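From first to last, the protein sequence lines are chains B and C. All the letters of the first sequence, read from the start, carry residue numbers 7 to 233 under my numbering. All the letters of the second sequence, read from the start, carry residue numbers 6 to 125 under my numbering.
What the hints contain is simulated information worked out from the structure, not anything from laboratory work. All of these numbers come straight from a predicted model, not from anything done at the bench. Fair warning: there could be bad hints in the mix.
No farther apart than 27 Å at their CA atoms in a straight line, the calculated lysine-lysine pairs in the DSS-like style are these [unchecked claim]: (1) Lys45(C) <-> Lys160(B); (2) Lys45(C) <-> Lys18(B); (3) Lys36(C) <-> Lys191(B); (4) Lys226(B) <-> Lys215(B); (5) Lys36(C) <-> Lys22(B); (6) Lys191(B) <-> Lys160(B); (7) Lys94(B) <-> Lys36(C); (8) Lys36(C) <-> Lys108(C); (9) Lys208(B) <-> Lys108(C); (10) Lys208(B) <-> Lys45(C); (11) Lys215(B) <-> Lys191(B); (12) Lys94(B) <-> Lys108(C); (13) Lys36(C) <-> Lys215(B); (14) Lys45(C) <-> Lys22(B).
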Amino acid sequence: MRPEPRLIEIRKNVLKQNDLVARSLRERFRAAGVFVVSLVSSPGSGKTAFLERTLSVLRANYRVAALVGDLATENDALRLARSQAPVKQITTGTLCHLEAAMVQSALEEWDLNQLDFLFIENVGNLVCPSSYDLGEDLRLVLISVTEGEDKPLKYPTIFNSADVAIVTKIDLAATVEFSWETAYKNIQAVRPGMPVFQISAKTGEGMEKYLGSLETGLAKVHQAGAV
Amino acid sequence: MHELSIAMSIVELAEEEAERRCVQVNAVHLKLGALSGVAKEALLSCYEMACENTPLQGSRLVVEEVSVVIYCPSCRAQRPVSSVQLFCCSECGTSASEVVQGKELEVVALEIQECAPNPV
Numbered sequence: 007m008r009p010e011p012r013l014i015e016i017r018k019n020v021l022k023q024n025d026l027v028a029r030s031l032r033e034r035f036r037a038a039g040v041f042v043v044s045l046v047s048s049p050g051s052g053k054t055a056f057l058e059r060t061l062s063v064l065r066a067n068y069r070v071a072a073l074v075g076d077l078a079t080e081n082d083a084l085r086l087a088r089s090q091a092p093v094k095q096i097t098t099g100t101l102c103h104l105e106a107a108m109v110q111s112a113l114e115e116w117d118l119n120q121l122d123f124l125f126i127e128n129v130g131n132l133v134c135p136s137s138y139d140l141g142e143d144l145r146l147v148l149i150s151v152t153e154g155e156d157k158p159l160k161y162p163t164i165f166n167s168a169d170v171a172i173v174t175k176i177d178l179a180a181t182v183e184f185s186w187e188t189a190y191k192n193i194q195a196v197r198p199g200m201p202v203f204q205i206s207a208k209t210g211e212g213m214e215k216y217l218g219s220l221e222t223g224l225a226k227v228h229q230a231g232a233v
Numbered sequence: 006m007h008e009l010s011i012a013m014s015i016v017e018l019a020e021e022e023a024e025r026r027c028v029q030v031n032a033v034h035l036k037l038g039a040l041s042g043v044a045k046e047a048l049l050s051c052y053e054m055a056c057e058n059t060p061l062q063g064s065r066l067v068v069e070e071v072s073v074v075i076y077c078p079s080c081r082a083q084r085p086v087s088s089v090q091l092f093c094c095s096e097c098g099t100s101a102s103e104v105v106q107g108k109e110l111e112v113v114a115l116e117i118q119e120c121a122p123n124p125v
């Protein structure tokens, strides 16, 4: 006779493995004094142009590098390489997001002590990347003015998992009748207190203020390391 | 769509636990937060696929959905949010971003059957 089934409690985080790798990455980043920024957005929101501009400007005063995730092609890495910064492509195949282990293996040949800023561009997707910690210090979520002001309401989870929102392509705002007030209100509804920057990677508008906030982040990392 | 890889992680986790305890798993109980980034329906349909050719084949996935709770600075208490589109205290309307519940993606229990009869 078979014994009766019974319930046993176990309490285990499903993403424990990813979280462990992310934690060890975070410790390595801290030890090396590198400030790590990840970028998430839907496809076509201008992540790569934004990152290209960021790398080009920061490169004048800092040591910067980028990892870029895509399902296929090395196109983004080639574009970003124009900034002269070290760039590595992570092709995920069919996977819709980056995981901490992919970041870990992509960094194998890099000496993190030689870097001030590391950028990680996630696969263009506003759903899946939200669940995966990559060990980053700051997660940016990008929305372009052409996507409409209600993106935050449609994808509250990713906005909630991010630290800062960037509204891109503001040079096109008037053309597409983008309402900054509505977009700002929607972002604040799903993530109260979230800092928001408006930028144009094409004209450079708004970049200075946003880059200033990254420099503040780096200074904090160095301060924490010095203690 | 990352639910298949999540389902595979769940199966893997339950399989390890079952092997360690020498039991057979009838069901896996999962807590799924509204902010976990995982869709329940998609996860359920992937689960069956993930169980194929594993010791968990034929087992059920029991999902307990967990709603979002924030800490309201005005009420000084944990309160449900108005909705995931509006992070406000559902009691007083104060906007609040400190999430205290709703990100769960956690296997909380296994419904098991011993492989060998209990020695009572």
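Hints and how they fare:
no., hint, verdict
1, Lys45(C) <-> Lys160(B), "17 Å, holds"
2, Lys45(C) <-> Lys18(B), "18 Å, holds"
3, Lys36(C) <-> Lys191(B), "31 Å, violated"
4, Lys226(B) <-> Lys215(B), "17 Å, holds"
5, Lys36(C) <-> Lys22(B), "14 Å, holds"
6, Lys191(B) <-> Lys160(B), "14 Å, holds"
7, Lys94(B) <-> Lys36(C), "37 Å, violated"
8, Lys36(C) <-> Lys108(C), "9 Å, holds"
9, Lys208(B) <-> Lys108(C), "37 Å, violated"
10, Lys208(B) <-> Lys45(C), "40 Å, violated"
11, Lys215(B) <-> Lys191(B), "21 Å, holds"
12, Lys94(B) <-> Lys108(C), "31 Å, violated"
13, Lys36(C) <-> Lys215(B), "41 Å, violated"
14, Lys45(C) <-> Lys22(B), "19 Å, holds"
Hint check: violations occur at hints 3, 7, 9, 10, 12, 13; the rest are consistent with the structure.
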